[in-house]
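The primary structure of each chain is shown beneath.
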Amino acid sequence: MSSIGFECLNVRYGAREAVYAFTDHVRPGEWLCLIGPNGAGKSSVLRAIAGLASHRGTITVDGAPLAARSPRRRAALVAYVPQAPLMPDDMTGMEYVLLGRNPYIGYFASETKHDRALVADVLQRLDLHEFAGRRLGTLSGGERQRLVIARAVAQEAPILLLDEPTSALDIGHQQQALELVDRLRHDHGLTVVSAMHDLTLAGLYADRLSLMHQGHVVATGDAAHVLRPETLSEFYGVSVSVHHEPDGTVVVVPRRNATT
Amino acid sequence: MLAGRRISNRWWLLAALGLLAGSIALGAMVGPAGGIRSANWHIIWNIRLPRVVLAGIVGAMLSLAGASYQGVFRNPLVDPFLLGAAAGAGLGATLVFAHGRSGTVDWPVDPLPLAAFVGALAAVMVTYAFGASFGGTGLTLVLSGVAVAALCTAVQQFVLLRNSDVIEEVYSWISGRLSTATWGDVRLVLPYVLVATVVLLVHRRHLDVLRVGDEEAATLGAEVRRVRLVVVIAATLGTAAVVSVSGLIGFVGIMVPHLVRLVFSSSYRWVLPMSIIVGASFLILADVPGRAFEQGGETPIGVVTAFLGAPMFIIVLRSKRRLA
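Those protein sequences? They're chains A and B, same order as listed.
Take the first sequence: its letter number 252 is residue 252 in my numbering, and every next letter is one higher.
Take the second sequence: its letter number 139 is residue 1139 in my numbering, and every next letter is one higher.
Treat the hints loosely; a few may be bogus.
[What the hints assert, rightly or not] Computed footprint of chain A on chain B, listed as stretches where at least three residues anywhere in the stretch have a Cβ under 8 angstroms from a Cβ of chain A:
hint, segment
1, 1207–1216
2, 1219–1225
3, 1255–1268
Hints are computed from structural coordinates only; laboratory data are not their basis.
A virtual CB, placed ideally from N, CA and C, is assigned to each residue, including glycine.
Required output: the full structure, derived from the provided sequences and hints.
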């Protein structure tokens, strides 16, 4: 299990500051979910961790700065599931998941028997073995999303980044994908940082939520603390009602503005 | 299912090697002097075989380079001439023709292949320098390639208009030719082609990683820019070498990799080696009709490849669509 720390992380695109002084410490095995309106900087935080966005400030994994790592070492520590993965239609499921082994294969080498066996095992455990020989273009959105997660699992990184993992899925497949992540988190002791739009799902699965607005973290804590009607209306500009179920689930329901 | 696919791929590999062997045999047998007899062994060894071998090398290299370019730029419409190699080679050759071939007969080195080679490499280097200064993504490289090619072509046309007496020679060179092939040509290009082939084959797994896009490949630990640079250098070196002796043979570099993908597998692990074998066979076979009817004057090999290749490609495309 690995922890991930942020010390005054700043991400800027040209003149626009996308993330401002993001400071946090995600404990080993914790699931932190970033929420907030579009453009709040959630994806930029994830992209900075994945090494895709240049940034100031430091990101550490188990106390060691991530920026000092080679791309391959970084990929062995952090697996990234992008919002819209590029999945070549004519690639097979097996070939796709095998890409997750790239950080462990030398520049001049190719996959070993161990890599292939590990990928076959991941496909088996995620109930995806029937897609091993299928082309990605013939699969449904939910099946493809599970293959992306399988690729991240094959990467064997202790930290998993999920950028809107469920935005393209129906409610059943959303739940299926998040249950899968939750199970993997407990089986492998993964530390998860995700960005999500669905506030109820975010509160249901994450240990902690951080609400971002215009690059700043404006609230952090558990679902009951962050998902308050007055907070949400202030930063999302919506009117919602929040219900607390007996089991502790926080349900956010949008309301129509009363028109006079 | 996986095992079945791997076995069928192995059979395809054997079939392709058989095709290559058959092409070489056919290439050695066909020609104005007739079939293989001890009496014409001299002709076979000194005239037909170098031509067959050179056709094989050129076809293999252009197909391999095309497949590699398609991989690093993730663009199926790309061929080995994308970054200006063809335009640069064409300009170099045009300058030599304009200077006058008769004046270079007693030079220690034939300037024609040298100029084409240098022209191709220089054009791609300029393209890369511009593209890299604008961000170095696939798209900026392709766009600067378009600009550099346009510039080279403009200069070439200017030179041609000033020296209209060499237009025929230049166009014959541009259309590609293998008729003057000697063992010397083979020795000239082989070192470059071998180095390029080894480097490109080493990178076939990296090309598979690049298929998910620059960003995702980077998160998987790939050093995208380095891979792209090394692959482009190797593919360009090989392309420039074969272009310098064979002229501009089009269509092979774009068609053969697609043929391999359609029939077989889209993984670069297979696309690269199979492109070598199929590309070599294809160009050897495409050169046969031109030699069988040599009496009626030389048919440029570049014309034959497109003439035979285009219908063949459409047939494969159609049959595959129906299966899918």
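Here is what the structure says about each hint:
1. For the segment 1207–1216 of chain B, the proposed coverage by chain A is satisfied: 7 residues have a C-beta within less than 8 angstroms of a C-beta in that chain, meeting the threshold of three.
2. Coverage of the segment 1219–1225 of chain B by chain A holds in this model, with 5 residues showing a Cβ closer than 8 angstroms to a Cβ of that chain against a need of three.
3. Coverage of the segment 1255–1268 of chain B by chain A holds [criterion: at least 3 residues with CB-CB distance below 8 angstroms; count 3].
Of the hints listed earlier, there is not a single one the structure fails to meet.
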